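*Asks:* What follows is the residue order along each chain.
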Amino acid sequence: MYKYDALDHQIVNERVAQFRDQTRRYLAGELNDDEFRPLRLQNGLYIQRHAPMLRIAIPYGTLSSKQLRKLADIAQSFDKGYGHFSTRQNLQLNWPKLEDVPDILAELATVEMHAIQTSGNCIRNITTDQFAGVAPDEILDPRAMAEIMRQWSTFHPEFALLPRKFKIAVSGTQQDRALVQAHDIGLQFYFDDAGQMAIQVWVGGGLGRTPILGTVIREHLPWQHALTYCEAIIRVYNLHGRRDNAFKARIKILVKALGIDEFRRQVEEEWQHIKDGPNTIDEQELKRVGQYFDVMPYQQLPAHDASFDAAISSNPAFAAWVKRCVHAHKQPGYRAVTLSLKPHGKAPGDATSEQMRVVADLADAYSFAELRVSHEQNLILTDVKLSDLLPLWEKARAAGLATPNIGLLTDIICCPGGDFCSLANAKSIPIAEAIQRQFDNLDYLHDIGDIELNISGCMNACGHHHVGHIGILGVDKDGSEWYQVTIGGKQGNDASIGTVIGPSFSAEEMPGVVQRLIEVYLRERQDEERFIDTVRRIGVDPFKQHVYAKSAEQDTGVAHV
Amino acid sequence: MSNLIRNNAIVADEWTRVSPPTLGEEQVRKQAGKVVLFKLTGEESYSAEQIAQTDIPAQGKILLPLAVWLARRHEANNALEQRLEKGELGIIVATHESLEKLVESVGDINRLPIIAIFVERFADGRIFSLGNLLRTRYGYRNELRAIGDVLRDQLFFLKRCGFDSYLIRADRSAQEALSGLQDFQQPYQAAVDIPQPAWRRIPR
Ligand code: SF4
Numbered sequence: 040m041y042k043y044d045a046l047d048h049q050i051v052n053e054r055v056a057q058f059r060d061q062t063r064r065y066l067a068g069e070l071n072d073d074e075f076r077p078l079r080l081q082n083g084l085y086i087q088r089h090a091p092m093l094r095i096a097i098p099y100g101t102l103s104s105k106q107l108r109k110l111a112d113i114a115q116s117f118d119k120g121y122g123h124f125s126t127r128q129n130l131q132l133n134w135p136k137l138e139d140v141p142d143i144l145a146e147l148a149t150v151e152m153h154a155i156q157t158s159g160n161c162i163r164n165i166t167t168d169q170f171a172g173v174a175p176d177e178i179l180d181p182r183a184m185a186e187i188m189r190q191w192s193t194f195h196p197e198f199a200l201l202p203r204k205f206k207i208a209v210s211g212t213q214q215d216r217a218l219v220q221a222h223d224i225g226l227q228f229y230f231d232d233a234g235q236m237a238i239q240v241w242v243g244g245g246l247g248r249t250p251i252l253g254t255v256i257r258e259h260l261p262w263q264h265a266l267t268y269c270e271a272i273i274r275v276y277n278l279h280g281r282r283d284n285a286f287k288a289r290i291k292i293l294v295k296a297l298g299i300d301e302f303r304r305q306v307e308e309e310w311q312h313i314k315d316g317p318n319t320i321d322e323q324e325l326k327r328v329g330q331y332f333d334v335m336p337y338q339q340l341p342a343h344d345a346s347f348d349a350a351i352s353s354n355p356a357f358a359a360w361v362k363r364c365v366h367a368h369k370q371p372g373y374r375a376v377t378l379s380l381k382p383h384g385k386a387p388g389d390a391t392s393e394q395m396r397v398v399a400d401l402a403d404a405y406s407f408a409e410l411r412v413s414h415e416q417n418l419i420l421t422d423v424k425l426s427d428l429l430p431l432w433e434k435a436r437a438a439g440l441a442t443p444n445i446g447l448l449t450d451i452i453c454c455p456g457g458d459f460c461s462l463a464n465a466k467s468i469p470i471a472e473a474i475q476r477q478f479d480n481l482d483y484l485h486d487i488g489d490i491e492l493n494i495s496g497c498m499n500a501c502g503h504h505h506v507g508h509i510g511i512l513g514v515d516k517d518g519s520e521w522y523q524v525t526i527g528g529k530q531g532n533d534a535s536i537g538t539v540i541g542p543s544f545s546a547e548e549m550p551g552v553v554q555r556l557i558e559v560y561l562r563e564r565q566d567e568e569r570f571i572d573t574v575r576r577i578g579v580d581p582f583k584q585h586v587y588a589k590s591a592e593q594d595t596g597v598a599h600v
Numbered sequence: 033m034s035n036l037i038r039n040n041a042i043v044a045d046e047w048t049r050v051s052p053p054t055l056g057e058e059q060v061r062k063q064a065g066k067v068v069l070f071k072l073t074g075e076e077s078y079s080a081e082q083i084a085q086t087d088i089p090a091q092g093k094i095l096l097p098l099a100v101w102l103a104r105r106h107e108a109n110n111a112l113e114q115r116l117e118k119g120e121l122g123i124i125v126a127t128h129e130s131l132e133k134l135v136e137s138v139g140d141i142n143r144l145p146i147i148a149i150f151v152e153r154f155a156d157g158r159i160f161s162l163g164n165l166l167r168t169r170y171g172y173r174n175e176l177r178a179i180g181d182v183l184r185d186q187l188f189f190l191k192r193c194g195f196d197s198y199l200i201r202a203d204r205s206a207q208e209a210l211s212g213l214q215d216f217q218q219p220y221q222a223a224v225d226i227p228q229p230a231w232r233r234i235p236r
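The listed protein sequences derive, respectively, from chains A and B.
Heads up, the first sequence is in our numbering, so the first residue is 40 and it goes up one at a time.
Heads up, the second sequence is in our numbering, so the first residue is 33 and it goes up one at a time.
Among the hints, erroneous ones may be present.
Stated by the list, open to error - For lysine-lysine, the following BS3-like pairs were computed, each having C-alpha atoms within a straight-line distance of at most 30 Å:
1. A/K314 with B/K66
2. A/K424 with A/K42
3. A/K295 with A/K326
4. B/K66 with A/K295
5. A/K287 with B/K133
6. A/K434 with A/K326
7. A/K204 with B/K62
8. B/K93 with A/K204
9. A/K583 with A/K516
10. A/K287 with B/K71
11. A/K362 with A/K287
12. A/K295 with B/K133
13. A/K529 with A/K385
14. A/K314 with A/K295
15. A/K369 with A/K385
16. A/K326 with A/K105
17. A/K204 with A/K529
18. B/K66 with A/K516
19. B/K133 with A/K516
20. A/K136 with A/K119
21. A/K204 with A/K295
22. A/K105 with A/K119
23. B/K66 with A/K287
24. A/K434 with A/K204
25. A/K369 with A/K42
26. A/K385 with A/K105
27. B/K62 with A/K287
28. A/K204 with A/K119
29. A/K424 with A/K119
30. A/K136 with A/K204
31. A/K424 with A/K434
32. A/K326 with A/K385
33. A/K314 with A/K369
34. A/K362 with A/K326
35. B/K71 with A/K204
36. A/K295 with B/K62
37. A/K42 with A/K287
38. A/K326 with A/K369
39. B/K71 with A/K295
40. A/K385 with A/K314
Calculated from the structure, these hints are not laboratory results.
Here the structure is a predicted model, which means the values were calculated and not measured.
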């Protein structure tokens, strides 16, 4: 993974000093709340319900075991001994003290980490596929480009105060796993006909209050121009994006208002002025950064391993875990492993300091001391030998990290919601936990098969509910918490935004509602059809009918809202 | 005591800012239940009446709002034009206004000894793009000043976008703000002040 040089160290250290002084001035009354807000946000610091929340950047989701141990220590010394991995591949601490934040940042800086631009109206942490570098369907590894973009976007002076937050995702696979269509800018890398690395550029996607999938603004952009082209896009947005209404301030609204053709015309015109300018990336820089993402020193192994095969046939629990949590790898004899942060009945994405240390140990023992965070809020060991899977599983299981539910109904993506987040309309974690308890039968879960259930506590959509096969959104009606359900959303190349099935439900009703959606699927599915395929084939109506018919029967006349 | 920073020092301000009068009640605009804090790009800044009633001092160096300049530059035998020629007139552009109109009206942008960008709220990042465009697109070489809600924690970004003078908001100390210009020594990306990215500048 990328290693800081003297310049990188200097920049994060200067940032720590800068923020220490800003915090001091705030506490001394020299900065008012409005003035301090963007400063703290650009350091990932929110003022939450109970305490501040600090969001630590994990650039494109990659961590070393050393960094994870530091995060474990920080969570223990400055918080309550756990952290929350978010859908932006970052780590959130829910209970730090404002006065401690400069010290936390100083600790992070010692392991080449920071909280720069994890919030605020600026370019946020750049995200990518958690299997970058090892996925068999990968065309090229986008991490070096992601790192170049991270550096370029860090304290970009022109884009320090945009109309609204700005999210960029990069992907280099055939099957998009980075949600490029749901980002302000999505960069899809590929090799063009001349064998050169090129980028298909998407713009104007985003979830939130107005979910819109992005549009291709440019089919073919040579990689050298990634930064200048993004600058052209963001400059047009910075000058013309709406600042009069925060709900209409994302770039997607500008793209819709102008139409993609006019927006493209403006961007291309702008780009003509800066194309080939100094921020044009050259071979040398790509090579310098790329060397940190060279393939790991793999052993040459056969594609099969006898001890692994034997364990699979003799140990059904291990086999079930392998089926769900172990993923194909470019390199023969290796696998990627997902450690589930979704044990049933616990807050999705949470990990205790103890668990983080176990994962760090596992990474050291089995996976070149590195790991990844997925936007599905799990942790990934990317390079595990087949023969190591059994001992890895045993240790992970002992630490509660081996729930064999990856890709299943209980692998819920869930934002912190009303328990922590001051923007929330409703709680989300208790809903996830209740659904996990309702479906706490592994055989049944495996029978239901691949499905994605995503929960957000408000329309900011941090839980990506629009692209969940089942999406749950917390809504507020007259001060009480209700939940709106969508089905048919999907991430990936054929992404779609879910359809609302009807009036919202109370928290108590939610496990039953999911149960009834699943009943329709099990009744209607054909062959190997997944839930999403069935929804796409038969439409929303049969689901709607079953959910509301049942609910009317059981219901004793409480009006839904 | 002046609150003007220019070229890393606090200096006296030679320029008098001309402001159109406020006429009648200021309207509070709302969007989605919230008070609108930012004008839309392209929105009018002042009514014709305000512009007509703006009192322009007959002597000395003046900073004139773009709208007043555009509407009144041919008045009284091109009096304003002549003052521009004498180096006594600079223009204030608000963050929602268009640079094209300014450029068209002056011909050679470097006839202006000073351009001031007015930022009503510090969080309005359009000021950065405007600075950048003036320096890179329009080749402006003279004084570029940030005025309005100008605070220490934005100075570093302003400097990188081509500003070289900053009128710090009256209730804040320019002396303390000075250090904001030094927050970072070596930025990553190319911008106006340091036109090469780190990888072309220093061995990495
Ligand atoms: S979706 Fe809403 S409730 Fe959930 S974390 Fe985001 S802002 Fe908070």
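*Asks:* It remains to establish, for every hint, whether it holds in the given structure.
*Replies:* Outcome of the hint check:
1. Proposed proximity of A/K314 and B/K66 is contradicted: the alpha carbons are some 39 Å apart, above 30 Å.
2. A hinted pair counts as satisfied when its Cα atoms are at most 30 Å apart, and A/K424 with A/K42 qualifies at roughly 25 Å.
3. Under the criterion of a C-alpha separation no larger than 30 Å, the hint pairing A/K295 with A/K326 is inconsistent with the structure, at around 38 Å.
4. Taking the CA atoms of B/K66 and A/K295, the gap is near 23 Å; set against the 30 Å cutoff, the hint holds.
5. Taking the CA atoms of A/K287 and B/K133, the gap is about 27 Å. The hint holds against a cut of 30 Å.
6. Of the pairs offered as hints, the one joining A/K434 and A/K326 is violated, with about 38 Å between alpha carbons and a cut-off of 30 Å exceeded.
7. Note on A/K204 and B/K62: the hinted pairing holds, with a Cα-Cα distance of about 22 Å set against a maximum of 30 Å.
8. In summary, the hint linking B/K93 to A/K204 is not supported, as the alpha carbons are separated by about 40 Å, beyond the 30 Å threshold.
9. At most 30 Å may separate the alpha-carbon atoms for a hinted pair to count; A/K583 and A/K516 meet this at roughly 21 Å.
10. About 14 Å separates the Cα atoms of A/K287 and B/K71, which keeps this hinted pair within 30 Å; it holds.
11. Our distance criterion of 30 Å between C-alpha atoms is broken by A/K362 and A/K287, whose separation comes to about 44 Å.
12. Proposed proximity of A/K295 and B/K133 is supported: the alpha carbons are some 26 Å apart, at most 30 Å.
13. For the given pair, A/K529 sits about 25 Å from A/K385 by alpha-carbon distance, which is consistent with the 30 Å threshold.
14. Note on A/K314 and A/K295: the hinted pairing holds, with a Cα-Cα distance of about 25 Å set against a maximum of 30 Å.
15. Restraint check: the Cα-Cα separation between A/K369 and A/K385 comes to about 33 Å, which exceeds 30 Å; the hinted pair is violated.
16. As the CA atoms of A/K326 and A/K105 are separated by approximately 25 Å, the hinted pair is consistent with the 30 Å bound.
17. At roughly 23 Å between alpha-carbon atoms, A/K204 and A/K529 fall within 30 Å of each other, so this suggested pair holds.
18. Pair hint B/K66 plus A/K516 holds up; C-alpha atoms about 20 Å apart against a cutoff of 30 Å.
19. Note on B/K133 and A/K516: the hinted pairing is violated, with a Cα-Cα distance of about 49 Å set against a maximum of 30 Å.
20. Of the pairs offered as hints, the one joining A/K136 and A/K119 holds, with about 11 Å between alpha carbons and a cut-off of 30 Å not exceeded.
21. The hinted pair formed by A/K204 and A/K295 meets the criterion: a straight-line CA distance of about 17 Å does not exceed 30 Å.
22. Simply put, A/K105 and A/K119 have alpha-carbon atoms about 20 Å apart, close enough for the 30 Å limit, and the pair holds.
23. Among the hinted pairs, B/K66 with A/K287 is consistent with the structure: their alpha-carbon atoms are about 13 Å apart, no more than 30 Å.
24. Taking the CA atoms of A/K434 and A/K204, the gap is near 40 Å; set against the 30 Å cutoff, the hint is violated.
25. Restraint check for A/K369 and A/K42: the C-alpha separation of about 24 Å stays at or below 30 Å, so the hint holds.
26. In summary, the hint linking A/K385 to A/K105 is supported, as the alpha carbons are separated by about 26 Å, within the 30 Å threshold.
27. The hinted pair formed by B/K62 and A/K287 meets the criterion: a straight-line CA distance of about 13 Å does not exceed 30 Å.
28. With a CA separation close to 29 Å, the supplied pair A/K204 and A/K119 stays within the 30 Å bound.
29. For the hint pairing A/K424 with A/K119, the CA-to-CA distance comes to about 35 Å; that exceeds 30 Å, so the pair is violated.
30. Between A/K136 and A/K204, the direct Cα distance comes to roughly 25 Å. Compliance with the 30 Å bound is thereby established for this hinted pair.
31. Annotation: proposed proximity of A/K424 to A/K434 holds, straight-line Cα distance about 15 Å (limit 30 Å).
32. This hinted pair does not check out: A/K326 and A/K385 have alpha carbons roughly 43 Å apart, beyond 30 Å.
33. Distance check on the hinted pair: A/K314 and A/K369 sit about 36 Å apart at the alpha-carbon level, beyond 30 Å; violated.
34. A hinted pair counts as satisfied when its Cα atoms are at most 30 Å apart, and A/K362 with A/K326 does not qualify at roughly 37 Å.
35. Of the pairs offered as hints, the one joining B/K71 and A/K204 holds, with about 19 Å between alpha carbons and a cut-off of 30 Å not exceeded.
36. A hinted pair counts as satisfied when its Cα atoms are at most 30 Å apart, and A/K295 with B/K62 qualifies at roughly 22 Å.
37. In summary, the hint linking A/K42 to A/K287 is not supported, as the alpha carbons are separated by about 39 Å, beyond the 30 Å threshold.
38. Taking the CA atoms of A/K326 and A/K369, the gap is about 22 Å. The hint holds against a cut of 30 Å.
39. Using a Cα cut-off of 30 Å, the hinted pair B/K71 and A/K295 holds, with the two alpha carbons roughly 20 Å apart.
40. About 50 Å separates the Cα atoms of A/K385 and A/K314, which puts this hinted pair outside 30 Å; it is violated.
This entry does not satisfy hints 1, 3, 6, 8, 11, 15, 19, 24, 29, 32, 33, 34, 37 and 40, going by the numbered hints stated previously.
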